[in-house]
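Throw the hints in and build the complete structure from the sequences for me.
As they're listed, the protein sequences go chains C and P.
Start counting the first sequence at 1; every next residue gets the next number (the working numbering).
Start counting the second sequence at 1; every next residue gets the next number (the working numbering).
Source of the hints: derived by calculation from the structure; they are not laboratory data.
Bear in mind that the values here come from a model prediction, so they are computed numbers and not experimental data.
Any given hint could turn out to be false.
[Said to hold, decoys possible] Partial chain P-side listing against chain C, Cβ under 10 Å, derived:
#1 Val127
#2 His131
#3 Arg282
#4 Arg310
#5 Ala312
[To be verified] If you want the footprint, here are the derived chain C segments under chain P, 3+ residues with CB under 8 Å:
#6 111 to 122
#7 179 to 188
#8 198 to 206
Quick reminder that beta carbons are idealized off the backbone N, C-alpha and C, glycines included.
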Amino acid sequence: MKKAIFAALTLGTAAAATVLARRARGLRLSRGLAALQLALRGGARYAGSAPRLFMLAGEHRQQLRNDLALQTAEDVATTLGAMKGVLMKLGQMASYVDDSLPPEARRTLGRLQDSVPPMSAELAAGVITEELGMPPEQVFAEWDPEPIAAASIGQVHRAITRDGRAVAVKVQYPGIAETIEADLGNVSLLRRMLRIIAPGQDVEALVNELRERIVEELDYSREAYNQQLFADYYDGHPTIHVPSIVSELSTRRVVTSDLATGARFSELAGWSQQERDLAAETIYRFVFRSLYDMRAFNGDPHPGNYLFHGGGEVTFLDFGLVKHFTVAELRPLMDMARYLCVENDPEAFRRSLEDAGFIQPGAPLSTDVIVDHLAVFYDTIRKPGELTITGDYSSAVVRRFFDVRSPIAPYAQVPRSYVILQRINLGVFALLGELTATADWRGIAEEIWPFVQAPPSTPIGEAEAAWRARRPAEQIRRQAS
Amino acid sequence: MTLVLSAEVQTVAADSYPDVSGSYADVSGLVERSAAAYASSVPEHPADDGFFGAGSVTWRLSTDLSGPVAGLRSLMIQALHPLAMAGVDQHSDWRGDPVGRLAATSSYVTTVSVGDKATAERVSARVRRIHEHVRGVDSVTGQPYAAGDPALLLWVHAALVDSTIAAAQLFGAPLSAADADRYVAEMVAAAELVGVPRAMVPDSVAALQHYLGSVRPILQATPAARESMAYLLDPPGLDPDVAEIWQDVREGTIASLPGWARDMYGYEMAGPLTDARRTEIRQALGVLDTVFLGEPGVLEARQRLALRMRAARVA
Chain C
1 MKKAIFAALT LGTAAAATVL ARRARGLRLS RGLAALQLAL RGGARYAGSA PRLFMLAGEH
61 RQQLRNDLAL QTAEDVATTL GAMKGVLMKL GQMASYVDDS LPPEARRTLG RLQDSVPPMS
121 AELAAGVITE ELGMPPEQVF AEWDPEPIAA ASIGQVHRAI TRDGRAVAVK VQYPGIAETI
181 EADLGNVSLL RRMLRIIAPG QDVEALVNEL RERIVEELDY SREAYNQQLF ADYYDGHPTI
241 HVPSIVSELS TRRVVTSDLA TGARFSELAG WSQQERDLAA ETIYRFVFRS LYDMRAFNGD
301 PHPGNYLFHG GGEVTFLDFG LVKHFTVAEL RPLMDMARYL CVENDPEAFR RSLEDAGFIQ
361 PGAPLSTDVI VDHLAVFYDT IRKPGELTIT GDYSSAVVRR FFDVRSPIAP YAQVPRSYVI
421 LQRINLGVFA LLGELTATAD WRGIAEEIWP FVQAPPSTPI GEAEAAWRAR RPAEQIRRQA
481 S
Chain P
1 MTLVLSAEVQ TVAADSYPDV SGSYADVSGL VERSAAAYAS SVPEHPADDG FFGAGSVTWR
61 LSTDLSGPVA GLRSLMIQAL HPLAMAGVDQ HSDWRGDPVG RLAATSSYVT TVSVGDKATA
121 ERVSARVRRI HEHVRGVDSV TGQPYAAGDP ALLLWVHAAL VDSTIAAAQL FGAPLSAADA
181 DRYVAEMVAA AELVGVPRAM VPDSVAALQH YLGSVRPILQ ATPAARESMA YLLDPPGLDP
241 DVAEIWQDVR EGTIASLPGW ARDMYGYEMA GPLTDARRTE IRQALGVLDT VFLGEPGVLE
301 ARQRLALRMR AARVA
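Following this line, the structure appears as C-alpha cells:
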C-alpha cells in the first residue's frame, strides 16, 4: 500500500528537486516571481496528472479581515483579476503535488490568499439569493451573516435549515468564475511562462488542461458529489465521520453540508498520547480504506481538515480534491505492497514498479539497489509489531524523496495518475509524525489489504469489522465491481 | 497612443540599444527594495490624511496595477529633458546603485502621496536641500542647470502626472476624464512641495497637455538618456523567466509613450496595441503586483490604505 506509493513518489520528486536546484540559482529580480513560476509548474504537473481533482475548500486564512470586506462583484474583479485569481488556483494546485515549494513560494502564495478579504454580509447574501432563489434569512431558519472560515474562492457561514439541521454553507465569491474565465480567455502569458518552465512539453495541451481544470474547480457541485460519496461509504462507521451534503441547498456556487464541531488539530497536541494514537489510527484507516475499498483518495491531508472527538473519532472535512482510481491503476500499488511486504519477492516487486511506469524497464540497476533505496518508505509496514512514527521519520522520508543523488533517480518517475499520492507521503505521514503516533501499522495494513484481509488487530479494527459486517451487501458489491 | 512594437521592430530596437554592460550595476533586489521602501512609506499611525486625503484620486492611483508602467514611462519622459537628465547622470548614484535610486524615488512619491502632512513636508524639504547642491553644465547643450530650478522640477512633475494617467488608462482600473482632471489638480500640491510655485503648475489635463507641448522643442534623447533608458528597458542580469515578464512591462511602457517621445528614442510603431496584447500586458502587471504583494509589509501597507479609503468612501 503506502510503500508502493512511496516508491512512486520518491522517484518523480527527485526530478523535481533537480529542477528546483537549478532554478534557485537564477533568481535575481525577484525570488517571488520565480515562486509564482514554481506554482505554475506545480499547477501544470497537477493538470497533467489529475484527471479528477477538485478545488481545495477550507483554506483558513490567518484572520478574516471583515473590516476590508468586498462589497461588490466589481471589488471581486479588481481583487482577483489580472491573473491573480488564476495564480491563486495554480498555487493551490501546486501545493497539492508539491510540498517542496520553497519558502518564498509559500509566502507569495499565502500573501496572495491573504490579500483577498471576505465578502460583506450583503454580498454573500446576494449569492445565496441568486443561487437558492431566496435571501438566506428565508432559505434558512437561522443564518449567521458572520463567516466562520475562508475558502479559497469563497467563505463558510453557519446556518440552521428549516427542518432544524445545523449546517455549514460555503458561498463562492460572485463574479469570481467570470473573472477567472476572462483571464483564461487570453492564455498567451500563461503559454509563454509555461514554455519557459516546462521546456519540451506540449505547452498547448498543458494550457488547455489547466484551463479546463481551473474552470471545473469553479463548480462546487463536484466537491459536493465527492463528499457525499465518502459520507455514504462511511455511514455508520465507528470512528470515521464525514458530514453529509444537503443537496437541495447545494449548487455550483453554494455547497451546504452538516455542520461538524470538534477539537482542531492544534488542540490534539495537548491530549494524551493514547488519544493521539487512536486519532492517528483512524486517519490511517481512512486513507487506506478509501484507497483500497473506494478506490478514491482525498488528496488534502491539511491539518485544518480534521476535527477530533476523542476515542479515535475523527470528522473529515473538505473533499475539494478527490482522485478516483481505476482498478487497473490500483493494481500495481497493491502488487508492489504484496510482493515486497508479504510474499518477499523482490523481483516481482521490481516488475510491478516497471509495469506501472515508476521505474524504466531494463534500467541498469540491481534489484537490491532498488529495494534498498525504497526500503525507508516501507519501514512502518514491513514487519509486524508496534512502531512509532516520529517527526524524524517523516522528515527522513521527505529527504529521501529529494535525494537527487540516488542511483535510481535517473530511471525513476511518477506516472501521471499517481502524482496525487504524494500527499500520503508528504501530508499524511507528516501529520502522523507530528502526533508521534504509535500503532501496529502492519497489523492495520493487513486488515485493509485485499490480498490478506486479516482479522481485526485493534479495538477500532473490531468495531470497523462489525460495521463492515452490518453494511448492506449491495453497497459492498458496488465497491467490488 | 495605443501602439505596440511588432516582434521584428522590437528586435531591431533591442539591438540598437547602446551596450551598457559594465557601466551600471545589475538590478538584483529591485522588487525587494522597492517593496521595503513602499511598505515603510505608508504610515502606520498618520497624524492626518496628508495633502490629498483618502478619498482622493491620487490615493486610488497609488495602488493601481499600472504603477510599474507609470514609473518607467515617467522616467523615459523626464529623461528627454537634457538638463534633467544631466542632473541625474552627473550627480546621483544612478549608475552605481540604480535600484537604490529607483527605490528612493518611489518611496518619495509614496510618502508625498499617502503620508501625513508633516512627513510629506519633511521628505520634500530634504529633497529640496539635496537639489541645492545639484548644479552643473550639461555637456550636450552646453547649458548650465540647477536641480532646484522650478522649470526643471515642473517638467519632472508633469511627466509623472501625465504618465500615471496614461498608464492607468491603458492598463489600470477605469479612470474617467473627470477623475483624470481631478488627479492633475490634486497633484499641484506635490509640485509645490518640491518648490514649484503654484501658479506655474497645470491643474487640468488640458493645461498639462499644453504645458508638455510647450516644452517639446527643447527635448531630445541625449546619449545619457538613451543609455539610461536602454538599461531600464532591458536591465542586465535578468533571469530568463523574469525577463519574460519584464518584456511585457517594457512593451507596455513603450506603447504608452506619446508618439513624439517614441520617435526621439527611435522606437517605431508597428501597429495598434490589440486588445489581446493589452490584456496580456495587464496580466503581466498583475503577476508583478502579486510578487510585490508577497514581499514583507506590502500587504499590510495596502490594507492600511484600503481601510482608510473605505472609511472615506463611507463618510
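A quick look at each hint next to the structure:
Interface restraint check for Val127 (chain P): the shortest CB-CB distance to chain C comes to about 27 Å, outside 10 Å, so the restraint is violated. Interface restraint check: His131 (chain P) against chain C, minimum CB-CB distance 30 Å, threshold 10 Å, status violated. A hinted interface residue such as Arg282 (chain P) counts as satisfied when its beta carbon comes closer than 10 Å to some beta carbon of chain C; here the least separation is about 5 Å, so the hint holds. For the restraint placing Arg310 (chain P) at the interface with chain C, the shortest Cβ-Cβ distance is roughly 7 Å, inside the 10 Å limit, so the hint holds.
Proximity of Ala312 (chain P) to chain C is violated relative to the hint, the smallest CB-CB distance being about 14 Å (cut-off 10 Å). Beta-carbon proximity to chain P at under 8 Å applies to 4 residues in the stretch 111 to 122 of chain C; the threshold of 3 is reached and the given coverage holds. Figure legend: the stretch 179 to 188 of chain C, annotated as covered by chain P; annotation consistent (3 residues with Cβ-Cβ distances under 8 Å, at least 3 required). Counting residues of the stretch 198 to 206 of chain C whose beta carbon lies closer than 8 Å to any beta carbon of chain P gives 0, which falls short of the minimum of three for the stated coverage.
Comparing the model with each earlier hint shows violations of hints 1, 2, 5, 8; every other hint is respected.
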